[in-house]
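So the sequence lines, in the order shown, correspond to chains A and B.
By numbering that gives the first Met the number 0, the letter at position 261 of the first sequence is numbered 260, and the numbering carries on one by one without gaps.
By numbering that gives the first Met the number 0, the letter at position 40 of the second sequence is numbered 39, and the numbering carries on one by one without gaps.
These aren't lab readings, by the way, just hints derived from the structure by calculation.
Since the model is a prediction, treat every value here as computed from it, not as a measurement.
Mixed in with the good hints, there may be bad ones.
[To be verified] Covered stretches of chain A (in silico footprint by chain B; criterion: 3 or more residues with CB under 8 Å from a CB of chain B, positions within the stretch not fixed):
hint, stretch
1, 274-288
2, 303-313
3, 383-392
[Claimed, not checked] As a list, the in silico DSS-like pairs of lysine-lysine whose alpha-carbon atoms are at most 27 Å apart:
hint, chain 1, residue 1, chain 2, residue 2
4, B, K53, A, K114
5, A, K298, A, K237
6, A, K165, A, K308
7, A, K301, A, K329
8, A, K40, A, K201
9, B, K14, A, K133
10, A, K126, A, K98
11, A, K17, A, K54
12, A, K335, A, K237
13, B, K33, A, K152
14, A, K277, B, K53
15, A, K329, B, K53
16, B, K5, A, K308
17, A, K237, B, K50
18, A, K133, B, K50
19, B, K14, A, K287
20, B, K14, A, K235
21, A, K301, B, K26
22, A, K201, A, K11
23, B, K14, A, K229
24, B, K5, A, K232
25, A, K229, A, K277
26, B, K50, A, K287
27, A, K237, B, K53
28, A, K82, A, K287
29, B, K14, A, K335
30, B, K26, A, K335
31, A, K287, B, K5
32, A, K98, A, K335
33, A, K235, B, K33
34, A, K165, B, K26
35, A, K6, B, K33
36, A, K98, A, K114
37, B, K33, A, K133
38, A, K232, B, K26
39, B, K33, A, K308
40, B, K53, A, K308
We treat Cβ as the ideally placed atom computed from N, Cα and C, and that holds for glycine.
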Amino acid sequence: MKDINVKTGFSKKRNEFKAVEEAYSQIAQEKISLVYFCLDKGYNQKKINEAWQKKLPNVPFIGIGGGGWIPMMGNLTGLITPKGIQDKGLVAMSIASDKIQAVVKPIHNLSENCKEESERVLEETAKDFNLDLKNLDPEKCFGLFFYNLFAEKPILVEEMLDNFYKIAPNLLFVGEGTIKFSFKKFRLIGGAIHTPEGCFEKQDAAIVLIKSEIPFVLEMSSNHQLAGDKVFKCGKVKDFVVGELNGRPAAEAYSQALGVSVRKLGSPMMPNLAIMTKNPFGAIIRDKAFTRVVVAPSKDKKGLIFYQKMTEGQEIYLLERTDILEDTRKMLGRTKDILSEISAIIYFPCLLRIKTLRDFKIPFSEMYDVLNIAPMVGMHMGGEIYGGILSSITITCLAFGSPNK
Amino acid sequence: MANEVKQFIDFFQEKRGYFFLARLCLKVGRDLTKIEESAPAEPELLGRIEKAAKELGVSEGELNEAIVQGERLF
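Isolated chain A (complex conformation):
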């Protein structure tokens, strides 16, 4: 056996069992360490989970489901498959290696007991996995993190990540939130998370702890840069809502910086995501842009609601887009510089990148060609995690190298 074998599979079949059957037939191999899969929200997620459980007894697997149409933005699913970037289907990857071990655990009851539950699950999982959380080697161990509660209880995401960091500062997580648009509720809600213990669609999360003797890299590109030197100081902050920027109503200061009227920012129910995607706020830390994204003006149109938790006195800068293709190439260039040869790559991109591609009339095939440097899989979702830090409008990735390089 080679040190690492990776297979990818894709199905467009709409019958859940047939789709899993087809994808599985392409990824089946001996000694699978981990299966990762992504699918659109049109499938019955419970049936999909049942089908994978039958196919993969005693194999750790993690999957995400969601995406779909968002009003005024179109279909943002963006499955990264062996057959290009697709709106619909089921894509999967199997990673087989004696040098990679993975364990998958869901986390529940987050609304009632987020801190205790996430802590308990992380510590129990590490114990089962014989992992010393205080003293682990970040070059031999990392975590994946998925959640489906961003739209409903976003504050819990950062609470969990902060908590993980305190327990295990060297355990770096990458991953993303699952998200879909509910036409019934007319807003974004959580999508599905698949684990061997079942499919979870309401206020849950899951962690995957991975020990790897195969070198790996976690990377991120936000395709944004500073739009200027002006500092915006946050005031009257309550969790995600910033009331003032530099002492002025935040919505007014933001719209003036963008050269548009406050009205153009939209409303909490129908925000102008085009503007907010183009010019988020953020900070550049050692050449990497960490976005702090406005998702809507507040109800009174004076404050701004952010994607990330903000703090009183926080200083942020206005960002502007860079070339999305070039920045993605640079991210992969950095990855290749470290790994030399890439055996597998899992992407965690933001669904707003699909919108960016459409805004700039960049064919999906061009982005696909940039991404296609190794067997790959992924899905455009929301609220990416890079090194345990919640970000957005990024592409974050996990790449495995070759043991001999």
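Starting from the known structure of chain A, arrange chain B on it as the hints suggest.
What follows is chain B alone, placed relative to chain A:
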């Protein structure tokens, strides 16, 4: 003072790595890597950095180590 911030940041980047630094910057709400040594003193900034570092799990001992390395007293 900016020099003290820089030494503090260098200490933690070396000891705890990039992601600690990124978290610290985001928590403090300031890109601490961009502070120039000639920048004017901001008395409350060091207090904010210390508070954020503690929130990120830095112990009093480690904080003292950083301060001593930075050749200053908080």
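Quiz item: Which earlier hints turn out false for this structure, listed by number in ascending order?
Solution: 7, 12, 13, 14, 15, 20, 23, 28, 30, 35, 36, 37
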